[in-house]
Amino acid sequence: DAGVIQSPRHEVTEMGQEVTLRCKPISGHNSLFWYRQTMMRGLELLIYFNNNVPIDDSGMPEDRFSAKMPNASFSTLKIQPSEPRDSAVYFCASSLGAGGTDTQYFGPGTRLTVL
Amino acid sequence: LAKTTQPISMDSYEGQEVNITCSHNNIATNDYITWYQQFPSQGPRFIIQGYKTKVTNEVASLFIPADRKSSTLSLPRVSLSDTAVYYCLVAPGERGNRLAFGKGNQVVVIP
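For the protein sequence lines, the chains are S and P, in the order given. Quick note: the first sequence uses the numbering used here, first residue 1, plus one each step. Quick note: the second sequence uses the numbering used here, first residue 1001, plus one each step.
Among the clues, some could well be false.
[Said to hold, decoys possible] Calculated cross-link-like contacts (lysine-lysine; reagent style DSSO-like; alpha-carbon spacing at most 30 Å):
| no. | chain 1 | residue 1 | chain 2 | residue 2 |
| --- | --- | --- | --- | --- |
| 1 | S | Lys68 | P | Lys1103 |
| 2 | S | Lys78 | P | Lys1103 |
| 3 | P | Lys1052 | P | Lys1003 |
| 4 | P | Lys1103 | P | Lys1052 |
| 5 | P | Lys1103 | S | Lys24 |
| 6 | S | Lys24 | S | Lys68 |
| 7 | P | Lys1103 | P | Lys1069 |
Hints listed in this document are in silico derivations from the structure and should not be mistaken for laboratory results. Everything numeric in this text was worked out from a predicted model, so none of it was measured.
Okay, chain P solo, but in the shape it has when bound (with noise of 0.2 Å):
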């Protein structure tokens, strides 16, 4: 498994525009990234998901540089309740693998 890199913590301030990069140095060729969202006593939800480029949701973008090795996930115009863990994963499409979520990013969205 590719391994990430993201900040443990972020706050920010209700309406801004939320960016956060995860950094991925030793992603593989067939090695799609996704990212998860965890609000507190609740279960992660998948947000979004791409391979290279920009791809955008009705939550979320997700940008990816040419040489994939980090990501950003854009949250826009966020409000208290965006307040969550998100969480960065990197892995291949095929059978049997695995995803590794680790401690996230604790973003915090201050009134």
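Isolated chain S, as found in the complex (with noise of 0.2 Å):
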């Protein structure tokens, strides 16, 4: 099994820039989650899907920020216009389930600069 596939594992983009994050979930998982993590807060939950679905959005910080799944096997995470402070590691992560005790397999993440 590949794993959870994440692309690109870096990105470094100017203020004002489109970025799109990619991430491949485990063949089977009908769940899957994007998190951020900095230093600052930690790892945070940004949104979830569960059957493609987006169940939890929350954690979206604002606008500028948005998700989709079109099908089981592909997922984005889209941040139009990039600031600075979007600065982060964006982690991709699949699960079985959408439950509390299902374990979640991360991917590799994504290592985000926006200068």
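Got two chains here, each in a separate frame; can you build the complex from them with the hints?
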């Protein structure tokens, strides 16, 4: 099993540009999560999907952030326009179910730097 | 979500047993306790999960007292490669429950 795949691994962009992060969950998993990690705030949940449907997006910081899951094997997190304070490591995770006891499997993350 | 409290950081010498305690005073009846481990430049990974008493696997042991208001993750004979951030999480098993990772506990193993 390849695990959760994220791309790109590193992204450097300038303020105001659009950024798209991509995630391929583990095959057969029904839930997908997007997290953001910074030194100041730790690891925060942005949004999660169950069966391709967004269930909870209360962690999405503002309208500049959007996430989609067009099918069971692909999800995107988009930031438009990007700002320097969006610099962070973004993780995607997937799990079989959406319960608090379902093990989440994390991808390697995308390190985003906004200049 | 039940709030958890962990030390921010701790050091330990190689070969020692490391015990990391987490407080969760407002844990609910149907909440489970789960620990994740995050190595530098990697995403977190599941270590162990329990509801009460003691759970052991090939990586660690989890001790949960009868009142369940705290839990202790025990790592036997740590090595340098156990240097990581350890997260204690509490959540019910039902669908739709978020995991709150926060900042975790940075454990540094010293030679």
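Item to check | Restraint check for lysine 78 of chain S with lysine 1103 of chain P, where alpha carbons must lie at most 30 Å apart | outcome: 24 Å, holds
Checklist entry - Hey, lysine 68 of chain S versus lysine 1103 of chain P, does the alpha-carbon distance stay inside 30 Å? => result OK: lysine 68 of chain S and lysine 1103 of chain P at ~27 Å, within 30 Å.
Checklist entry - Is it true that the CA of lysine 1103 of chain P sits at most 30 Å from the CA of lysine 1069 of chain P? => result 20 Å, holds
Checklist entry - Can the restraint linking lysine 1103 of chain P and lysine 1052 of chain P be considered satisfied, given a maximum Cα separation of 30 Å? => result At roughly 24 Å apart (the allowed maximum being 30 Å), lysine 1052 of chain P and lysine 1103 of chain P satisfy the hint.
Item to check | Given hint lysine 68 of chain S paired with lysine 24 of chain S - CA-CA distance at most 30 Å | outcome: 12 Å, holds
Item to check | Given hint lysine 24 of chain S paired with lysine 1103 of chain P - CA-CA distance at most 30 Å | outcome: Given that 30 Å is the threshold and the Cα spacing comes to 26 Å, the pair holds.
Checklist entry - Under the criterion that the straight-line Cα-Cα distance not exceed 30 Å, is the pair lysine 1052 of chain P, lysine 1003 of chain P satisfied? => result 18 Å, holds
Checked against the numbered hints above, the structure breaks none of them.
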